[in-house]
Amino acid sequence: MEPVKKDLILRGQQIYLRPITTEDTELAVRWRNQPSVVVNFLYRKPITRKDHENWLANKVMKGLVHQFIVCRNEDDKPLGSAYLQNFDDESRRAEWGIYLGDEQAYGKGVGTEAGHLLLDYAFNTLGLHKVVSRVLARNTASARMSEKVGSIQEAYLRDEYFLDGQYEDLILFGTFNPSEQIASDKEG
9 MEPVKKDLIL
19 RGQQIYLRPI
29 TTEDTELAVR
39 WRNQPSVVVN
49 FLYRKPITRK
59 DHENWLANKV
69 MKGLVHQFIV
79 CRNEDDKPLG
89 SAYLQNFDDE
99 SRRAEWGIYL
109 GDEQAYGKGV
119 GTEAGHLLLD
129 YAFNTLGLHK
139 VVSRVLARNT
149 ASARMSEKVG
159 SIQEAYLRDE
169 YFLDGQYEDL
179 ILFGTFNPSE
189 QIASDKEG
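So the sequence shown is residues 9 to 196, counted in my numbering.
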């Protein structure tokens, strides 16, 4: 997969997505270490500036991850991040995720709009067939957002991860390219 074009803007009604840059490092590190963000990630170790710089150099700049900063239209304020990763070119699938680092953006439809923009990019620009997400079952806001953007629950995995001293259930969501037929829906 090629890296995201540097001038790409995915614009919605209240937000837009722009490619992450090295200038976002301090903000991204702060967000990823925020307790309100970390609690919903499977990877819980603190992120350092060096970790993030390595992520950018080895994943984002090489096109292995397409990561965006979610910004408010009215004042360009960064609110969070949205990304596609774990691309499988043969199956035309990837995994997606969104997190909001600005807690004032919670409950205002920002995540849902970011999800719509990211999925539109995944299907209509990248030509993916399917995009999946892994959501901790107790993260009801992310599960609701996934359903609002058209994802369907494909699996519920009990005690899938051991995090912070306890087992956590995981929901697997799948979202299919709306312009393509799903194999299981085809007539035999």
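If you are wondering where the hints come from, they were derived from the structure by calculation, not from laboratory data. Since we're looking at a predicted model, the values are computed, not measured. Positions of the beta carbon are idealized from the N, C-alpha and C atoms, including for glycine. Be aware that one or more of the hints could be misleading.
Stated by the list, open to error - Listed next, with one range per pair, are the computed distances between beta-carbon atoms:
1. Gln93 - Thr148: 37 to 47 Å
2. Tyr169 - Asn41: 17 to 27 Å
3. Gly173 - Glu82: 23 to 33 Å
4. Ser192 - Glu31: 37 to 47 Å
5. Ala191 - Asn62: 33 to 43 Å
Unchecked claim - Each computed PhoX-like pair below joins lysine-lysine, with the alpha-carbon atoms no more than 25 Å apart:
6. Lys58 - Lys116
7. Lys14 - Lys85
8. Lys67 - Lys13
9. Lys58 - Lys13
10. Lys67 - Lys53
11. Lys53 - Lys14
12. Lys70 - Lys14
13. Lys13 - Lys116
14. Lys53 - Lys13
15. Lys70 - Lys53
16. Lys138 - Lys156
17. Lys85 - Lys116
18. Lys156 - Lys67
19. Lys58 - Lys70
20. Lys70 - Lys116
21. Lys67 - Lys116
22. Lys13 - Lys138
Item checked: Ascending list of hint numbers which this structure does not respect -> The structure breaks hints 1, 3, 6, 11, 13, 14, 18, 20, 21; every other hint is satisfied.
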